[in-house]
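Turn these sequences into a full structure, and let the hints guide you.
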Amino acid sequence: GAMLAISQTSYLSAIPLAGVTISTLIVICSAPLAVAAFSRLVRRERLNGKVVFALLASILGTTMLVGVPSESGSPDLAGGTFHSLVSALSYAAVIQIGHGLTRRHNPLRINAISFLIGALLLWVIAIPSGVSLPARPEAWLLIAYLGVFPSVTAYALFLRGMRVTSATISSILVLLEPLVAALLAALIFGARLSPLGLVG
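Per my numbering: the sequence shown = residues 1 to 200.
Everything labelled a hint here was simulated from the structure, so no lab data went into it. Given the structure is predicted, the values throughout are model-derived calculations rather than measurements. Not one of these hints is a red herring.
Per label pair, the in silico range of CB-to-CB distance:
#: 1; residue 1: T153; residue 2: V20; range: 23 to 29 angstroms
#: 2; residue 1: L184; residue 2: V152; range: 18 to 24 angstroms
#: 3; residue 1: L47; residue 2: V148; range: 32 to 38 angstroms
Even for Gly, the Cβ is constructed at its ideal location relative to N, Cα and C.
Here it is in structure tokens:
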């Protein structure tokens, strides 16, 4: 729960400093590298050639898909990069801890406890900024949707999948997220991928 809170806070802190593209790219691509390094050095997990190739190819493909803008107008690129790396390492810790827990506990139980702890920590952090609850019913419907589907359901499926895959492979598969987002943007909003993005 604490790692989820740190990861989200760091990511959202990085965006105004480095821009959304660079922050997202660093977080998405650094997390699998951190997971693979931890799995190899601490868990003594064997990384065969196929896994290493998949890791490198997925990071390269994600970079080509998302793109690397210069974003020279970023107010604090170094600070944004730092926050992005903190977010990536925290998310890598979520994956490693989740991988260890899935063999002994139900994924929904893991999510219920970790999301509750994360939410309480974020609430305590947000109180000094004058956070208030939304008043409109449609805002609560949106919050409920975000809580049930992209958060709890997605994480529960992710943790269930980790029962049969290694933490490294699970972290590589997470790199499908920007691909699915790009395809949805193209299908729903008519967004166009660059030629480099299509290759990625």
